[in-house]
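If you want the building blocks of each chain, they are given just below.
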Amino acid sequence: MTIIDETADIPAPRGSEDHTGPLLEVRDLHVEFHTRDGVAKAVNGVNYSVDAGETLAVLGESGSGKSVTAQAVMGILDMPPGRIPKGEILFRGQDMLKMSGEERRKIRGRRIAMIFQDALSSLNPVLSVGYQLGEMFRVHEGLSKKEAKAKAIEMMDRVKIPAAAARVNDYPHQFSGGMRQRIMIAMALALEPDLIIADEPTTALDVTVQAQVMDLLAELQREYHMGLILITHDLGVVADVADKIAVMYAGRIVERAPVHELYKRPAHPYTKGLLDSIPRLDQKGQELYAIKGLPPNLTRIPSGCAFNPRCPQAQDICRTDIPPLHGVTEQDGTELPGRASACHFWKETIHG
Amino acid sequence: MPEKTAEKHVTDKAPAPGAVAEAGPAPAKARSLWSDAWHDLRRNPMFLVSSALIALLLVMTFAPGLFTSASPRDADLAEHYLQPPNWGHFFAPDWLGYDGQGRSIYARIVYGARASILVGVGVTVLVTILGTFIGMIAGYFGGWIDSLLSRLTDVFFGIPFLLGALVVLTTFENRTVWVVILALAFLGWTQIARVARGAVITVKQADYVVAAKALGASTGRILMKHILPNALAPIIVVATIALGGYIAAEATLSFLGVGLAEPAVSWGLDVSTGREQLRNAPFTLIIPSVMVSITVLSFLMFGDAVRNALDPKLR
Amino acid sequence: MGRYVARRLLQMIPVFIGSTLLIFLMMYALPGDPVRALMGDQAFDPAVVANIRKDLGLDQPILQQYANYLGGLFQGDFGTEIGSQRPVADIIADAFPVTIRLTLFAFAFTVFVGVGLGIVAGLRPDTLQDRGLLTLTLVLISMPSFVLGFLMQYLFAFQWQLTTPTVRDSMNFGELMLPAIVLGSLSLAYVARLTRTSMAENLRADYMRTAVAKGLPKRRIVGVHLMRNSLIPVVTFLGTDIGNLMTGAIVTEGIFNVKGVGNAIYEALIRREGATVVGIASLIVLVYLATSLLVDLLYAVLDPRIRYA
Numbered sequence: 001m002t003i004i005d006e007t008a009d010i011p012a013p014r015g016s017e018d019h020t021g022p023l024l025e026v027r028d029l030h031v032e033f034h035t036r037d038g039v040a041k042a043v044n045g046v047n048y049s050v051d052a053g054e055t056l057a058v059l060g061e062s063g064s065g066k067s068v069t070a071q072a073v074m075g076i077l078d079m080p081p082g083r084i085p086k087g088e089i090l091f092r093g094q095d096m097l098k099m100s101g102e103e104r105r106k107i108r109g110r111r112i113a114m115i116f117q118d119a120l121s122s123l124n125p126v127l128s129v130g131y132q133l134g135e136m137f138r139v140h141e142g143l144s145k146k147e148a149k150a151k152a153i154e155m156m157d158r159v160k161i162p163a164a165a166a167r168v169n170d171y172p173h174q175f176s177g178g179m180r181q182r183i184m185i186a187m188a189l190a191l192e193p194d195l196i197i198a199d200e201p202t203t204a205l206d207v208t209v210q211a212q213v214m215d216l217l218a219e220l221q222r223e224y225h226m227g228l229i230l231i232t233h234d235l236g237v238v239a240d241v242a243d244k245i246a247v248m249y250a251g252r253i254v255e256r257a258p259v260h261e262l263y264k265r266p267a268h269p270y271t272k273g274l275l276d277s278i279p280r281l282d283q284k285g286q287e288l289y290a291i292k293g294l295p296p297n298l299t300r301i302p303s304g305c306a307f308n309p310r311c312p313q314a315q316d317i318c319r320t321d322i323p324p325l326h327g328v329t330e331q332d333g334t335e336l337p338g339r340a341s342a343c344h345f346w347k348e349t350i351h352g
Numbered sequence: 001m002p003e004k005t006a007e008k009h010v011t012d013k014a015p016a017p018g019a020v021a022e023a024g025p026a027p028a029k030a031r032s033l034w035s036d037a038w039h040d041l042r043r044n045p046m047f048l049v050s051s052a053l054i055a056l057l058l059v060m061t062f063a064p065g066l067f068t069s070a071s072p073r074d075a076d077l078a079e080h081y082l083q084p085p086n087w088g089h090f091f092a093p094d095w096l097g098y099d100g101q102g103r104s105i106y107a108r109i110v111y112g113a114r115a116s117i118l119v120g121v122g123v124t125v126l127v128t129i130l131g132t133f134i135g136m137i138a139g140y141f142g143g144w145i146d147s148l149l150s151r152l153t154d155v156f157f158g159i160p161f162l163l164g165a166l167v168v169l170t171t172f173e174n175r176t177v178w179v180v181i182l183a184l185a186f187l188g189w190t191q192i193a194r195v196a197r198g199a200v201i202t203v204k205q206a207d208y209v210v211a212a213k214a215l216g217a218s219t220g221r222i223l224m225k226h227i228l229p230n231a232l233a234p235i236i237v238v239a240t241i242a243l244g245g246y247i248a249a250e251a252t253l254s255f256l257g258v259g260l261a262e263p264a265v266s267w268g269l270d271v272s273t274g275r276e277q278l279r280n281a282p283f284t285l286i287i288p289s290v291m292v293s294i295t296v297l298s299f300l301m302f303g304d305a306v307r308n309a310l311d312p313k314l315r
Numbered sequence: 001m002g003r004y005v006a007r008r009l010l011q012m013i014p015v016f017i018g019s020t021l022l023i024f025l026m027m028y029a030l031p032g033d034p035v036r037a038l039m040g041d042q043a044f045d046p047a048v049v050a051n052i053r054k055d056l057g058l059d060q061p062i063l064q065q066y067a068n069y070l071g072g073l074f075q076g077d078f079g080t081e082i083g084s085q086r087p088v089a090d091i092i093a094d095a096f097p098v099t100i101r102l103t104l105f106a107f108a109f110t111v112f113v114g115v116g117l118g119i120v121a122g123l124r125p126d127t128l129q130d131r132g133l134l135t136l137t138l139v140l141i142s143m144p145s146f147v148l149g150f151l152m153q154y155l156f157a158f159q160w161q162l163t164t165p166t167v168r169d170s171m172n173f174g175e176l177m178l179p180a181i182v183l184g185s186l187s188l189a190y191v192a193r194l195t196r197t198s199m200a201e202n203l204r205a206d207y208m209r210t211a212v213a214k215g216l217p218k219r220r221i222v223g224v225h226l227m228r229n230s231l232i233p234v235v236t237f238l239g240t241d242i243g244n245l246m247t248g249a250i251v252t253e254g255i256f257n258v259k260g261v262g263n264a265i266y267e268a269l270i271r272r273e274g275a276t277v278v279g280i281a282s283l284i285v286l287v288y289l290a291t292s293l294l295v296d297l298l299y300a301v302l303d304p305r306i307r308y309a
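Chains as they are written, first to last, in the working numbering: chain B, 1 to 352; chain S, 1 to 315; chain D, 1 to 309.
Read the hints as simulated data drawn from the structure, not as lab findings. Cβ coordinates follow ideal geometry from the N, Cα and C atoms, glycine included. Some hints here could point you the wrong way.
Said to hold, decoys possible - Calculated cross-link-like contacts (lysine-lysine; reagent style DSSO-like; alpha-carbon spacing at most 27 Å): (1) B:K151 / D:K218; (2) B:K292 / B:K41; (3) B:K264 / B:K292; (4) D:K218 / B:K146; (5) S:K225 / S:K204; (6) B:K292 / B:K347; (7) B:K145 / B:K160; (8) B:K145 / D:K218; (9) B:K264 / B:K347; (10) S:K225 / S:K213; (11) D:K218 / B:K98; (12) B:K146 / B:K160.
What the hints assert, rightly or not - From the structure, some residues in chain D lie toward chain B, with a derived Cβ separation under 7 Å: (13) T210; (14) K214; (15) G215; (16) L216; (17) H225; (18) N229; (19) D303.
To be verified - Far from chain D, some chain B residues (derived; all Cβ distances over 12 Å): (20) D37; (21) G38; (22) G45; (23) N47; (24) G87; (25) Q94; (26) E154; (27) S176; (28) T208; (29) L216; (30) R280; (31) P309; (32) D316.
Using the sequences plus the hints, can you model the full thing?
Written out as structure tokens, the structure reads:
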């Protein structure tokens, strides 16, 4: 399969093409950063996959490696200091890490697009939003300046920015936070990519606006049948839109589950802690649970299970042996599809 | 003045219910801006080299006798007229040769440090005091006081520094180091005033200043205890970097014949007398020139290092 | 926009009057007397001196003198030199074209070489070439222009005999090259550093990451997204620097014997010709003010976040 389809006016066929299997598959990905204080191991063997039309939520604290993984997929890691010593990132079955710079550039924006957290700083302050949107069409589809502007207005309309034609020449700082994030979304969706990576798309927004932006994103994803990787630290955001969840801690996936199962029955103490720290109306007056301690320093990840210093259930084995990602089963041994937990005591956690 | 529209980031970043705490790894120990800067400086080779050079220059300023027994004014035309340097004779009077009047260049270099250092440090101190005072008053009180002082700053800023110094200094018959210091300070305070004004306006709106005001602290106390210490970092950065410039200015003015005059000893003067010998004895001009450059370079490097340490944005 | 320009122009008037008054006061109110300078060391008759002073209006109160001067200035009358009896306007007309050439030459050198070096270093911060440039600029900044001037003179004229030590024809571009390089080198160093820092800073900006994520070609990322933002502070600096170059010319013109404004003002200072000094200084102040206005307007054009306030 070749990636170069410069002249395509019709959207590239969605779904399988020649390739069957997941749209994106990350296999045993490792990322490290060489800093003055030593080597920070940001990602330590992550595996996940996304299908077309599916939403994967990657959940974790800052420093858990969730954004770094996404940046590696996108090919926008700063290298150096970043390095990918090991792993594969398969897009439609092809390992992007083995592609040339030019091949990867053609995938970026066109087949895989990204939405960043802070739209104000992520948009160029001295170029009009119309120009920045139109750039996608000019660079990837060779449209003229005028055609690109018309397309830009169309995209702004599609993400429901009022008076798009009048505002196309405005600059990012002239928009409100929610409107700016819509522009980011419009830019990411401009070429109808196969996969969208949204890195905390609503964190910088007011709570009321968060829901609107999230709904818009979900709606457009359904319309275009795109894969979506939603990176967040907010369990509340995830519940409504995601199909499956991967919880990350210290550069590893510690639990994987379909979204509702995770909420009902977490199989990892870290996930459990996260869920318990959500304030609930029926527990009014009680003290709110908080996971004690702080995320680990990535240059000195604790031996054994990285979560052991903060884990209420930690035993000796947790301090010595790194737990593999176990498949999670019912008490009677029936397999729970799509579920896994990297805890030595997953049985006790989910069933106990 | 055009101003940047405040890039107001959305402040409502309070984690939503169910959010995982976004806490980074805890710093080993809470450190203040100043101790943090000191921590950085001690490991910066540029800082170490430049401070060593500056220390050497300071010793030369106050105890030139430690470096040479020769006098910078003893002229022996018959013996030493344009005698070339004797590179092997370290620290001897003939080490760096003799100038067109038969004076030891090495002795003149040692004694010339005084003029450069006194002018550089003196002007910087005066300019910092004057500029900080004017800038703080303008920034803190605002209103018509600010307008008046800002226009005054514009007026002085509108006069090119070198031109103004030339005009002021030519009117003085007897130009001592102190006259040069006062003249340069009179013209040079504007930059610090602008920086101080900006810093004060920023600090003034900080909550702790508002709180101090609400608790009834006096204006003087607020200025000295709360505003000055927090506006100090940018002022110090500008001042240390300007210091090298004042040393260069003194040398330039003395070279032009409107700075220090004989019998004062100044590197700028020596360059000026050396220029007649540029063709046949270039060392008489080159050695004092190099000395000026090294001195300015030391203070520039020092200022650069201080800025990098104090300006967290650059880390 | 129009209103902003008008307001800025109005604001310039008191600053212009203030700056020229200050120079006027320094020239006339401080000790030192042009008439006596004219007489030299010879014996003089106090009555004759008093007469000359009266003819020149030097016996009037200083502010009255300034008002007279300003009145003349608005009619294009710069006054007359006491010693040579030449109209100051003639002296200016002779000297300004030379300095403008020299300044523009130095300015062009600053822009092309300074920005060029800055870009080269800024695109790859913390590499060998970056550190090399930082060192080179640090050395240039720490060399006062007379040091660099003599160094160039010594090397190019005496050692390699490529040029004459001083300029014979002040209107000849080829001969002005060496003085222009010396004059521009300090600004060049600042411009290179500023460009480099600005580029290195913007290289880390979030919108650069976005530009990469959009799949733009490298040429476009650097040419459109990085340069546009990075050069804004450089343009600001370059504008305000024109005035500095014009005063820096005092030293450079002296070393290379260029018959420009710097030379004229320096000679006038030595002879205490107030009218000439104030006349030339006023023009330089005017250039200063005009360029700073221009820079502010340009800034607003380049950076949409600027509002006219």
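Results of checking the hints against the structure:
no.	hint	verdict
1	B:K151 / D:K218	23 Å, holds
2	B:K292 / B:K41	23 Å, holds
3	B:K264 / B:K292	22 Å, holds
4	D:K218 / B:K146	23 Å, holds
5	S:K225 / S:K204	12 Å, holds
6	B:K292 / B:K347	23 Å, holds
7	B:K145 / B:K160	23 Å, holds
8	B:K145 / D:K218	20 Å, holds
9	B:K264 / B:K347	15 Å, holds
10	S:K225 / S:K213	12 Å, holds
11	D:K218 / B:K98	19 Å, holds
12	B:K146 / B:K160	21 Å, holds
13	T210	5 Å, holds
14	K214	4 Å, holds
15	G215	3 Å, holds
16	L216	5 Å, holds
17	H225	6 Å, holds
18	N229	6 Å, holds
19	D303	6 Å, holds
20	D37	17 Å, holds
21	G38	19 Å, holds
22	G45	25 Å, holds
23	N47	23 Å, holds
24	G87	20 Å, holds
25	Q94	16 Å, holds
26	E154	18 Å, holds
27	S176	16 Å, holds
28	T208	25 Å, holds
29	L216	19 Å, holds
30	R280	36 Å, holds
31	P309	33 Å, holds
32	D316	44 Å, holds
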